[in-house]
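Taken in sequence, the protein lines are chains A and B. The numbering of the first sequence is my numbering, which starts it at 17 and goes up by one. The numbering of the second sequence is my numbering, which starts it at 17 and goes up by one.
Don't read these hints as lab results, they were simulated from the structure. Think of the CB as a built atom: it goes at the ideal place given N, C-alpha and C, for glycine as much as any other residue. Certain hints may be false.
[Unchecked claim] Listed below are the simulated SDA-like cross-link pairs for lysine to any residue, each with C-alpha atoms no more than 20 angstroms apart in a straight line:
(1) B:Lys122 x A:Lys159
(2) B:Lys159 x A:Ser140
(3) A:Lys159 x B:Thr46
(4) A:Lys159 x B:Lys123
(5) A:Lys123 x B:Lys33
(6) A:Lys122 x B:Glu83
(7) B:Lys159 x A:His99
(8) B:Lys123 x B:Lys159
[Claimed, not checked] To be clear about the criterion: a stretch of chain B counts as covered by chain A if any three or more of its residues have a C-beta under 8 angstroms from a C-beta of chain A, and this derived list gives those stretches:
(9) 27-39
(10) 112-123
Protein chains: 2
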Amino acid sequence: MARIAVDMDGVIANYVKKQFAFHQRLTGFTLSHKKLNGQKLRHYVPEDIGNKITAHMNEESFFLDLEVISNSQQVLKELQKEHEIYIATAAVEFPLSFNAKYQWLKKHFSFINDTHIVFCGDKSVIHTDYLIDDQPYNLQAFKGKGILFSAYHNLNNNEFERVNDWEEVSEYFKRISV
Amino acid sequence: MARIAVDMDGVIANYVKKQFAFHQRLTGFTLSHKKLNGQKLRHYVPEDIGNKITAHMNEESFFLDLEVISNSQQVLKELQKEHEIYIATAAVEFPLSFNAKYQWLKKHFSFINDTHIVFCGDKSVIHTDYLIDDQPYNLQAFKGKGILFSAYHNLNNNEFERVNDWEEVSEYFKRISV
Chain A
17 MARIAVDMDG VIANYVKKQF AFHQRLTGFT LSHKKLNGQK LRHYVPEDIG NKITAHMNEE
77 SFFLDLEVIS NSQQVLKELQ KEHEIYIATA AVEFPLSFNA KYQWLKKHFS FINDTHIVFC
137 GDKSVIHTDY LIDDQPYNLQ AFKGKGILFS AYHNLNNNEF ERVNDWEEVS EYFKRISV
Chain B
17 MARIAVDMDG VIANYVKKQF AFHQRLTGFT LSHKKLNGQK LRHYVPEDIG NKITAHMNEE
77 SFFLDLEVIS NSQQVLKELQ KEHEIYIATA AVEFPLSFNA KYQWLKKHFS FINDTHIVFC
137 GDKSVIHTDY LIDDQPYNLQ AFKGKGILFS AYHNLNNNEF ERVNDWEEVS EYFKRISV
C-alpha cells in the first residue's frame, strides 16, 4: 500500500483545453502543444492576451466545467483498491476557485473522500510516498517520489520520471507493486 | 529551523466563543468550559440544539468574523523569524467555508503567505515537524510531533504535550531551540 497524491489541474482536470479554446476565441488562432514546444503559455502569447487568459482563469466558475482527463477516473478507482489516494491541488493560486474545484471533485471523483482532498500552495507540505503532478516546481518541493505528468509546458523537463497519460500511470504502479 | 503547522479553528480562530454565544441566543443558557467538563458540545446539548449549532457553522459566513485567539498573531510573527509556519485547517468538514476562511486569514494573518495555507481533511497528509491542534484525532493522524492546544473538549486528553495558550506555545519553541 502506497500513499499517492495526485495534482488536479493538468492531471485529472483538463484546464489546457479550455485555455486553448479561450485563446482561439480571443485571437482566432489555434494553439497546439507542438506550437508551444515546451514553453509556458505566457512566454508564447503577447502580454495582453496572457493577462486576459489569466483573468479568465481567475473567474470563480473557470474550474467548474473542465473536462476530466481521459481514464483518470478509471485508473484512480483501480489504484484506490490497493493504495491511499489524495487529491492535492494548489487552489491558493486562484483563491476564488476553492468552491468550484471542490464541486468539480464531488461531481467527477465522488469516490475520493473529503478527508483525502487537500488544497495547498507549496507542495513540500504534502506527506505521501508519491506525487503525480504536471508542474516540475511542485515535484521539486515535494519530499517523496515525484512523477511528472506530461503537459505542453513540461516537455523539455528531464528531472523526473515521466508518464504521458493515465494508462502509463496504471502501468507504473503495476511495475512497482511486483 | 523547524516546520510548524498550526490548526485554525480553536487555535488561532475563536469559533467556540461564537458557538457559545449562538447557544445562549437559542436557549438563554450560558455554556462554559467548566460546565462542559471535557465533553464535546454535541454530547452535552439536546440533539435539536446541536443540529442547529452545526447548521449555523455550515453557513458560508460563519468563519468570516471569528475573533482572533489572544496573542496568536504576535507569537506566530515571532516564530516566523526562525521557523517555517503553515496554517493547516480542515475546511472540508465545512465545504462552503473555504472562501470565508481564506479571507479571514488574509485579514488577520496577512504575514502568512498563500503558499503556506493548507486546507485538508485527514492531517496525516501534512508534512511538517510539528502540528499545533486542538483535536486529538488530528494529532493522532499526524506523523510528526503533535502539540495539543487546550480547548473545552480536550481537557481530559493526556496523549499529547499540552499548551494552554499562545504564551505557552512561545515558551515551548524557546525551550526546544536551546
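Evaluated hints:
Taken as a hint, the Lys122 of chain B and Lys159 of chain A pair is broken in the structure, with Cα atoms around 27 angstroms apart against an allowance of 20 angstroms. For a cut-off of 20 angstroms, the pair hint linking Lys159 of chain B to Ser140 of chain A stands: about 15 angstroms separates their Cα positions. As the CA atoms of Lys159 of chain A and Thr46 of chain B are separated by approximately 48 angstroms, the hinted pair breaks the 20 angstroms bound. Straight-line distance between C-alpha atoms of Lys159 of chain A and Lys123 of chain B comes to about 31 angstroms, which puts the hinted pair past the 20 angstroms bound.
About 35 angstroms separates the Cα atoms of Lys123 of chain A and Lys33 of chain B, which puts this hinted pair outside 20 angstroms; it is violated. The straight-line distance between the Cα atoms of Lys122 of chain A and Glu83 of chain B is roughly 31 angstroms, outside the 20 angstroms bound, and the hint therefore fails. Distance restraint check for Lys159 of chain B and His99 of chain A: the Cα-Cα separation of roughly 18 angstroms lies within the 20 angstroms cut-off, and the hinted pair is therefore satisfied. A threshold of 20 angstroms between alpha carbons decides the hint, and for Lys123 of chain B with Lys159 of chain B the separation of about 30 angstroms lies outside it, so the pair is violated.
Using a Cβ-Cβ cut-off of 8 angstroms, 0 residues of the stretch 27-39 of chain B lie near chain A, which falls short of the minimum of three, so the contact claim is violated. Restraint check on the stretch 112-123 of chain B versus chain A: 4 residues with Cβ-Cβ distances below 8 angstroms, three needed, restraint holds.
Checked against the numbered hints given earlier, this structure breaks hints 1, 3, 4, 5, 6, 8, 9; the rest are met.
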